[in-house]
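Novice: Listed below, chain by chain, are the residues.
Protein chains: 2
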Amino acid sequence: MADTVVLLHWQNRGMEFVAGREGGPTVIIDGNGKAGPSPMVTFLIGLAGCTASDILEIAGKMRVTFGGFEVRAEGDRWPEPPRRYTKIRLVYRVAGVNEGDREKIRRAVQLSQEKYCSAIHSIRQDIELTSDVEFE
Amino acid sequence: MADTVVLLHWQNRGMEFVAGREGGPTVIIDGNGKAGPSPMVTFLIGLAGCTASDILEIAGKMRVTFGGFEVRAEGDRWPEPPRRYTKIRLVYRVAGVNEGDREKIRRAVQLSQEKYCSAIHSIRQDIELTSDVEFE
Numbered sequence: 000m001a002d003t004v005v006l007l008h009w010q011n012r013g014m015e016f017v018a019g020r021e022g023g024p025t026v027i028i029d030g031n032g033k034a035g036p037s038p039m040v041t042f043l044i045g046l047a048g049c050t051a052s053d054i055l056e057i058a059g060k061m062r063v064t065f066g067g068f069e070v071r072a073e074g075d076r077w078p079e080p081p082r083r084y085t086k087i088r089l090v091y092r093v094a095g096v097n098e099g100d101r102e103k104i105r106r107a108v109q110l111s112q113e114k115y116c117s118a119i120h121s122i123r124q125d126i127e128l129t130s131d132v133e134f135e
Numbered sequence: 000m001a002d003t004v005v006l007l008h009w010q011n012r013g014m015e016f017v018a019g020r021e022g023g024p025t026v027i028i029d030g031n032g033k034a035g036p037s038p039m040v041t042f043l044i045g046l047a048g049c050t051a052s053d054i055l056e057i058a059g060k061m062r063v064t065f066g067g068f069e070v071r072a073e074g075d076r077w078p079e080p081p082r083r084y085t086k087i088r089l090v091y092r093v094a095g096v097n098e099g100d101r102e103k104i105r106r107a108v109q110l111s112q113e114k115y116c117s118a119i120h121s122i123r124q125d126i127e128l129t130s131d132v133e134f135e
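Order-wise, the sequence lines are chains A and B. Count the first sequence with numbering that gives the first Met the number 0 and you get residues 0 to 135, in order. Count the second sequence with numbering that gives the first Met the number 0 and you get residues 0 to 135, in order.
The set of hints was computed from the structure by calculation and includes no laboratory data. Every residue gets a Cβ at the ideal spot worked out from N, C-alpha and C, and that includes glycine. Watch out, some of these pointers could steer you wrong.
[Stated by the list, open to error] On the chain A side, residues computed to face chain B include the following (Cβ under 7 Å): (1) 4; (2) 18; (3) 22; (4) 28; (5) 130.
[Claimed, not checked] Heads up, simulated DMTMM-like pairs for lysine to aspartate or glutamate below, C-alpha to C-alpha not over 25 Å straight-line: (6) 33(B) / 125(A); (7) 86(B) / 125(A); (8) 86(B) / 2(A); (9) 114(A) / 133(A).
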């Protein structure tokens, strides 16, 4: 039995799929990016969500709280097929963090990227990954 | 300006995020895999959706029609952090295809994997990728 099993079921129109872990919550994705995010957007959401969840978990363990949290992921792609990602920039935007806790957030980002993030470590190693942490 | 920009907005509870391309359709993803697919499930959905969309597009150009289409993706992961994918198996299940068109579907799968799929070409090159095509 595999660790993670997902199923995509074509909706018999356009490039729309209902997708999810078997028996788990589903999302709609759309090869044309209209009825739902496109596959390459979904792939990047998975990556950004992985590191974002790490930050929440690590910050929780460090007892750092915040009022708002957003991750923006910007991907550059190869101009010809396959239009793979060549460069990914992650911007972590955190609101309402005490001055004294900001270094902990930066450390959480570093820990996620270097040690914990399963998605970041699943992408091509020659994809140039950069990041920024912004406090509001 | 980056080619693909996504935004994940934390919902201020658990590990739930609303995510999507800026100004595009959104999905809910959940680090705990309850309110929505988990990030690593989402990442695999993106990959499977990418190759699935290729098949629809290539089959369309080959004028091959089918009654149903599903992609199952099975991922094995490293047992320790980072729990990256080590092995991915893709099963393409196609229903209602003429005997004479089955070879074309197999060819479409091969073209997607070798040449077109932007997500497959964005993952680590040492991830062992296997696939099967099943006709119903």
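Novice: Run every hint past the structure and note whether it holds.
Specialist: Okay, the hints, checked on the actual structure:
1. Because the smallest distance between the Cβ of residue 4(A) and any Cβ of chain B comes to about 5 Å, under 7 Å, the interface hint for this residue holds.
2. With a least beta-carbon distance of about 4 Å to chain B, the hint placing residue 18(A) at the interface is held under the 7 Å criterion.
3. Nearest Cβ of chain B to the Cβ of residue 22(A): about 11 Å, over the 7 Å cut. The hint is violated.
4. The beta carbon of residue 28(A) is positioned within 7 Å of a beta carbon in chain B (closest approach about 5 Å), and the interface hint is therefore held.
5. A distance limit of 7 Å between C-beta atoms decides the matter here; for residue 130(A) the minimum to chain B is near 14 Å, and the interface restraint is violated.
6. Of the pairs offered as hints, the one joining residue 33(B) and residue 125(A) is violated, with about 33 Å between alpha carbons and a cut-off of 25 Å exceeded.
7. A distance of roughly 19 Å separates the Cα atoms of residue 86(B) and residue 125(A); the hinted pair therefore holds under the 25 Å criterion.
8. Between residue 86(B) and residue 2(A), the direct Cα distance comes to roughly 10 Å. Compliance with the 25 Å bound is thereby established for this hinted pair.
9. Distance hint between residue 114(A) and residue 133(A) is fulfilled; the C-alpha atoms sit about 21 Å from each other, no more than 25 Å.
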